[in-house]
Amino acid sequence: MNVRGIKRLAAWPALATVTMALVLGWPIMAGAAEEKNEPPPVKMNTTADHSKFKELQQTFKSGPEVTKACLSCHTEAAKQVHRTKHWTWEFLNPENNQRLGKKNVLNNFCISISQNYPFCTSCHVGYGWKDKDFDFTSEVNVDCLACHDTTGNYKKAAGKAGHPLYEPLETPPGSGKFTQPPDLSKIAQKVGKTSRDTCGSCHFFGGGGDGVKHGDMDSSLAAPDKELDVHMDASGLDFTCGTCHKTSSHDVPGSRYTPTAIDKGGAQMRGKAEDAKRNPATCNSCHGNAPHKKQDRLNGHATKLACQTCHVPAMARGGVPTKMSWDWSTAGQRDKDGKPITKKDDKNHIIYESRKGDFVLGEKVKPEYRWFNGKVTYTLLGDKVEKGATPVGINMIGGSPNDGKSLIWPMKVMRGKQPFDPVNKTLVMPHTAGNDDIGYWKNLNWEPAIADGMKNVGAPFSGKVDFLSTEMYWPITHMVAPKDKAVACAECHSAKSRLAGLPGIYMPSYSARSWLDLIGWLLAAATLAGVIIHGALRVFLGRKG
Amino acid sequence: MSAHAMQKLYVFKIFERIWHWSQAGLIIFLLITGFEVHGSYANFGFEKAVNYHTIAAWSLVGLWVFAIFWHFTTGEWKQYIPTLAKVDAMAKYYLFGIFVNAPHPFRLTTLKKHNPLQRLAYLGVMLFIGPLIWFTGWFYIFFDKWHAWGWDKYLSLEWVAFFHTIAAFMMLLFLIAHVYLTTTGHTPLAHIKAMITGWEEVEAEETAPVKH
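Here the protein sequences come in this chain order: W and C. If you're matching positions, the first sequence starts at 2 in this note's numbering and goes up one per residue. If you're matching positions, the second sequence starts at -8 in this note's numbering and goes up one per residue.
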């Protein structure tokens, strides 16, 4: 074929296209006209594109400057935040008048915030809480971005009392590598709703690191698959924290200080007055009280079991281990050169640090189970504690099989040993963090660290230090598995029951191993033996006869 | 025995035979699954054992509805009227006579097809073990409704299970004894054969002509 031939062939498609265009021209043009009637593109997830706001089109030098701009429109926001636990770190339990909140409680992780403010408050929704004299009435010190950043670039820096970096920081010092401060203007222009990332930037890292504290919350929930959490599944239902922790007036519901152990109210209805007072984060608040459509027997189980007991088969399932125990009593060891020691397990997770002691980590941990009625009592600073055979409860949970208010709940029980004052018989709040000559983490000397921490809160300290065993209960509720991965019948209905040892339950296949069985089987054996002997005698004597 | 002439007697009607054997199968299956649910051993797995046990239980309930109807419409219920007459003779026979080929003290007829011990045993199964197992079983089956029906204030699963288990053990004892006693006919399989065919071979009456 010559060149002309090719050209002629090539012309055919062009001609065909023109013809097609003529034939189909009208409909195409009509379509184009319709497209012109389409409304212009618009952001559908918000009514306010913050990048268009003049107030935000400026260079912000600090977090409080951003907040000031926010408050120029959102006039009530800071005062709303001021009323919440996220701001005050204080909570008065109306049930028992205990003064709780991070400001007041102790735990058996990093123990307490006393004298460690600038480090602990990198998770405060505010700026500048560096000591006990922080001004809780300051509106510009509310940190809007911690929760409303959508870029993922906003980070509150360690040890900066809630502030992000404003200058490049050499990390680690002397390395020549610099962490750049976040671009506050760009971040402010892209604010939006809270997300798993914003909530998670603190709650995933409670206890000082990823997954340490909760067991059912760690960074794997930032973008989980269905297997890990059926609701938050990033490629499925894609719930944010706020989907369940439905918030109004900035006050996030669903706190563990006064948990809802049993929710008899059924699915919540919009606008219903009594529902407005209920916890919107319970399973029942959406699923109702009889969610098992096909197997009514499971609804029956739900009169004794929290949903989580079956539907959260294990915690720390996302690949991030959680701390199961923390033994402060072994802290302070040094190697032969007098240097602090760090030991790691084969997955490169730290299991011993001179400044912190020994850790036991766990992944895919089966929870422990307890009757729980939602009542939690804390051992607070000043409460008398005894070193004895049973561990001191950092918090003690109420509940019994018979009170009508309890369900069997899955729990992470955090165990450990922590310092206490054996003379005054109280727990203590040591000064741990900080680059000074008192903080335990740098100096590895308990007495001055505890004396400083206790002095800061005005509590007595004898100067003597001993260690006692403690335990702390964390009800498990996140990491809800798909239904086919729920805890199977035989995991409880068997000799090796998950619920082994719980009082007040009769579980077929677990409970019945008693004198009745012994007598029953002995009688059966005796009957069998009797008929065998009888039969043998018949055969023997019959033959003889 | 061979010294006596045998005569065939149609004692077990077709419904009775079907009832007996399906009941036997269901009871054995219920014992197998029930003791697994109870936790005595593992076979099907707890969940399946529960489901099978429940299905078999309802099947047996259905069978009993028919059986009760049959017994009352046919008058066969009278077969279970207890009598103490010859009970001592029966006991003596099983304890001594049976070993020396003594004559069976009871002669069965179509109107009296169960010996006095059988009558007592079957009546016990039907009036004591049966109701005990049914009522505890129903409480068990409807355990999940207790809360909704307000029964949980009066009932405890532990006690329901306790009596259900007692009844199950009694049924097991009955089963062992019953199966063994089927071998005490004039041949070891005679009674079982009768339960299959309906025809029991009995010794001919003395007055009847005897052919050798």
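Source of the hints: derived by calculation from the structure; they are not laboratory data. Be aware that one or more of the hints could be misleading.
Result set (DSS-like, lysine-lysine): computed pairs, CA atoms no more than 27 Å apart in a straight line [what the hints assert, rightly or not]:
no. : chain 1 : residue 1 : chain 2 : residue 2
1   : C       : LYS104    : C       : LYS4
2   : W       : LYS406    : C       : LYS184
3   : W       : LYS305    : C       : LYS136
4   : C       : LYS144    : W       : LYS484
5   : W       : LYS376    : W       : LYS345
6   : W       : LYS484    : C       : LYS136
7   : W       : LYS345    : W       : LYS178
8   : C       : LYS4      : W       : LYS295
9   : C       : LYS136    : W       : LYS265
10  : W       : LYS247    : W       : LYS44
11  : C       : LYS144    : W       : LYS406
12  : W       : LYS486    : C       : LYS39
Covered stretches of chain C (in silico footprint by chain W; criterion: 3 or more residues with CB under 8 Å from a CB of chain W, positions within the stretch not fixed) [to be verified]:
no. : segment
13  : -4 to 10
14  : 37 to 50
15  : 79 to 92
Residues from chain W shown here face chain C by an in silico Cβ test under 8 Å; the list is partial [what the hints assert, rightly or not]:
no. : residue
16  : ASP252
17  : GLY255
18  : ARG298
19  : ASN300
20  : THR304
21  : SER510
22  : LEU517
23  : LEU519
24  : ARG539
Where is the CB? At the ideal position from N, CA and C, for every residue including glycine.
Hints violated by the structure (listed by number, smallest first): The structure breaks hints 2, 4, 5, 8, 13, 16, 17, 23; every other hint is satisfied.
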